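Student: Letter by letter, the chains look like this.
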Amino acid sequence: MTTSYKQPTTRGYYGQFGGAFVPEMLFPNVEELRTQYLEIMADPAFQAELQGLLRDYVGRPTPLFEAKRLSAKYNTRIFLKREDLCHTGAHKINNTVGQILLAKRLGKTRIIAETGAGQHGVATATVCALMGLPCVVYMGAIDMERQAPNVARMRLLGAEVRRATSGSQTLKDATNEAIRDWIANPVDTHYIIGSVVGPHPYPDLVARLQAVISEEMRKQLLEKTGSELPDFVVACVGGGSNAAGAFYHFLDEPEVRLVAVEAAGHGVHSGHSAATSVLGKPGIIHGSKTLLMQDEHGQITEPYSLSAGLDYPGIGPLHAYLGEVGRAEFIAITDEEALAAVAELSRLEGIIPALETAHALAALGQLGAGPDDVVVVNLSGRGDKDLETYLKNMDKLI
Amino acid sequence: MDRIKHAFASKHNLLNTYFTAGYPSLHDTIPLAKALVEAGADILEIGMPFSDPLADGPIIQGSSSVALANGMNLPVLFEQLKGLRAAVPETPVLLMGYLNPVMQFGVEEFCRQAAAVGVDGLILPDLPLDEYEEFYQETFQKYGLNAVFLITPQTSEERIRRLDSLTEAFLYLVSGPGTTGGTTQPDAEIQAKYFERIAALNLRNPRLIGFGIADKAGFDRACQHAEGAIIGSALIRALEDVADAPAEAARFVRSIKAA
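Residue numbers (this note's numbering), protein chains in the order written: chain P, 683 to 1080; chain V, 20 to 278.
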């Protein structure tokens, strides 16, 4: 029997990474989810409702677009998986639609979430509005400043946005606050975590809900190239949800090279970076054992990236494992390189990508892909939310 | 008889005080321990500050940030704790903190140094039971360290009995939903029922109630349902911006223990 990279052990481990390191106060919540998620997701009625919403509300399947001018520039065949065309502008809603249906089946009446760039917060606020459930989103005070339009969107959608003022006041701290809220509200509340992070079963749950991305890619590639399998799949990684979704149905196809692109910030070794696969060591963050940026005493350090969606000091345990065993390759891209990729895609293909997504695009020159290779880039989000950052850096973009 | 068993055998209504090592000043650890015990604290819980304390509310988060900024870390703490048993010879002492700093220090080395300075037990809230049994229990026991586990209103009887079988110290009853230092009073009737339910289980170990206990009234109420109580955030709050932290800590303990 061949082993699959997809499925963690019953205790949620991918190799040495994963698990559920939660205080006793959270044990019943996590256990309730762990014992029920697979059964609920396998229920045909759940699947019918999920597939209906993905089609009619999210707008799936998203197109697989052959980017011919970009392909000419890199002398290879590049396809863009257009997750930026999902409702709310990014892949995040694939997960929140699934989790809100799960929450309803678990009898939960209140939803909480964390958000970094605000995309997951918006996607959560959106499905809460759709289902008529109250929604509280925790967001770092600094992220609320730099992603103000998304704060406004969440509020317009009826969510309460709570400012996380502890620590670095970014995604890590917003996640801490969401977990503390869950500890205080253990019975009625479901926590919709936004990435393939956190205690088991979240990494697996979120990966399964995002796996629709690679499921569609395979069908679309067959139609457009004659083969379900590309040579490369490229995706950016903060916590790693879009990468998990883009990789999922290729994990057990060894001929497909999986490329995870991290944020190097000012440079991997500049002291201002979020390149966890290089700078991290195994440790515990948010209930999961994974690669983690920390000091010599095990205190979690503050990551840096110009993009609010990538400055997370850990990565999902699946990605830590894929990196350790060599199934995925990691590339780190600086702020400057990502901004250049924003300009490039905008000019060559008429698509303004999110800053997070631009990191994946900026890796195209480093793949070593040849003219006969097929490269799929997961275009995880659109750039509207980053306009302010782009305006501030216009000298680098024009 | 070990210090923890002796304390529970010889005293009633035990007060366990928590403070964060390195707060308010880096070198307050031993003077605070001495002052707390001399004023009447029966058990000490010394917090090992962590950057991301998930089970803690804003007060202990704040004290942890200050302690880290003051330069507290495990090597510094163990150096300070070499003076622990000269300062508090008989009092049970537990180290409380999160798993990651312990993992990075090395679990075996951590246990070895903790035992060497006279620590009696460990509270690591994010160390799950399965992991404890599989990877940690043997090492803890080798160094004579008792693990203390938390129980909440949602913990099943089966799990409570399992936790009870895995410790020889006491069980830490979390008073209600929420992180440490919570200010919303849980429904008194619901809370009493929970404490009575636990009392009726006739567990092997004594119980201490913690989370949200801030003053003498709260302490006395907890003592009606258990062998004593744990106070942390309220003590930390009392130490904020004071000139003489040990004197203030002693005053705080006397206010709780006053007849």
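Just so you know, the hints here were simulated from the structure itself, not pulled from any lab data. From a predicted model like this one, the values you see are computed outputs, not experimental measurements. Each hint should be verified, as a subset may be incorrect.
Simulated restraints on C-beta separations [stated by the list, open to error]:
1. V/Arg180 / P/Arg693: 15 to 25 Å
2. V/Asp260 / P/Arg837: 50 to 60 Å
3. P/Leu904 / V/Glu157: 46 to 56 Å
4. V/Glu259 / P/Lys1078: 42 to 52 Å
5. V/Thr158 / P/Met1076: 55 to 65 Å
6. P/Gly949 / V/Arg104: 19 to 29 Å
7. P/Met1076 / V/Pro77: 55 to 65 Å
8. V/Pro77 / P/Pro816: 17 to 27 Å
9. V/Ala88 / P/Leu1079: 50 to 60 Å
10. V/Glu157 / P/Arg844: 37 to 47 Å
11. V/Glu208 / P/Glu721: 53 to 63 Å
12. P/Leu720 / V/Glu177: 19 to 29 Å
13. V/Glu157 / P/Leu1069: 55 to 65 Å
14. V/Asp149 / P/Lys963: 15 to 25 Å
Listed below are several chain V residues computed to face chain P (Cβ distance under 8 Å; list not exhaustive) [what the hints assert, rightly or not]:
15. Phe69
16. Met122
17. Val126
18. Thr171
19. Ser184
20. Leu185
21. Thr186
22. Glu187
23. Phe214
Even for Gly, the Cβ is constructed at its ideal location relative to N, Cα and C.
Student: Evaluate each hint against the coordinates.
Tutor: Do the hints match the structure? See the list:
1. About 21 Å separates the C-beta atoms of V/Arg180 and P/Arg693, a value consistent with the hinted range of 15 to 25 Å.
2. Checking the proposed 50 to 60 Å range against V/Asp260 and P/Arg837 shows it is violated: the Cβ atoms sit about 36 Å from each other.
3. Checked against the given bound of 46 to 56 Å, the beta carbons of P/Leu904 and V/Glu157, roughly 53 Å apart, stay inside it.
4. For V/Glu259 and P/Lys1078, the hinted distance range of 42 to 52 Å is satisfied, since their beta carbons lie about 46 Å from each other.
5. For the pair V/Thr158 and P/Met1076, the beta carbons lie near 58 Å from each other, so the given range of 55 to 65 Å is met.
6. The hinted range of 19 to 29 Å is not satisfied by P/Gly949 and V/Arg104, whose Cβ atoms lie roughly 49 Å apart.
7. For P/Met1076 paired with V/Pro77, a C-beta distance near 40 Å fails the hint of 55 to 65 Å.
8. At about 23 Å, the CB distance of V/Pro77 to P/Pro816 agrees with the hint of 17 to 27 Å.
9. Checked against the hint of 50 to 60 Å, the C-beta distance between V/Ala88 and P/Leu1079 comes to roughly 39 Å, which is inconsistent with it.
10. At about 43 Å, the beta-carbon gap between V/Glu157 and P/Arg844 stays in the expected band of 37 to 47 Å.
11. The hinted window of 53 to 63 Å between V/Glu208 and P/Glu721 is violated, with their beta carbons roughly 36 Å apart.
12. A hinted range of 19 to 29 Å holds for the C-beta pair P/Leu720 and V/Glu177, which are about 22 Å apart.
13. In this structure, V/Glu157 and P/Leu1069 meet the distance hint of 55 to 65 Å, their C-beta atoms being roughly 57 Å apart.
14. The beta-carbon spacing between V/Asp149 and P/Lys963, approximately 23 Å, falls within the hinted interval of 15 to 25 Å.
15. The closest approach between the C-beta of V/Phe69 and any C-beta of chain P is roughly 7 Å, which is under the 8 Å cut-off, so the hint is satisfied.
16. Contact between V/Met122 and chain P, as hinted, is supported at the beta carbon level, the nearest pair being about 6 Å apart and thus within 8 Å.
17. At a threshold of 8 Å, the smallest CB-CB gap from V/Val126 to chain P is about 12 Å, leaving the interface hint violated.
18. Hint on V/Thr171 holds. Least Cβ distance to chain P is approximately 5 Å, under the 8 Å limit.
19. Hint on V/Ser184 is violated. Least Cβ distance to chain P is approximately 15 Å, over the 8 Å limit.
20. Proximity of V/Leu185 to chain P is violated relative to the hint, the smallest CB-CB distance being about 12 Å (cut-off 8 Å).
21. Here the hint on V/Thr186 is broken, as its CB sits about 13 Å from the closest CB of chain P, past 8 Å.
22. Nearest Cβ of chain P to the Cβ of V/Glu187: about 18 Å, over the 8 Å cut. The hint is violated.
23. Annotation: V/Phe214 was flagged as interfacial toward chain P, and the flag is violated, the nearest CB pair being 16 Å apart, outside 8 Å.
Checked against the numbered hints given earlier, the structure breaks hints 2, 6, 7, 9, 11, 17, 19, 20, 21, 22, 23 and satisfies all the rest.
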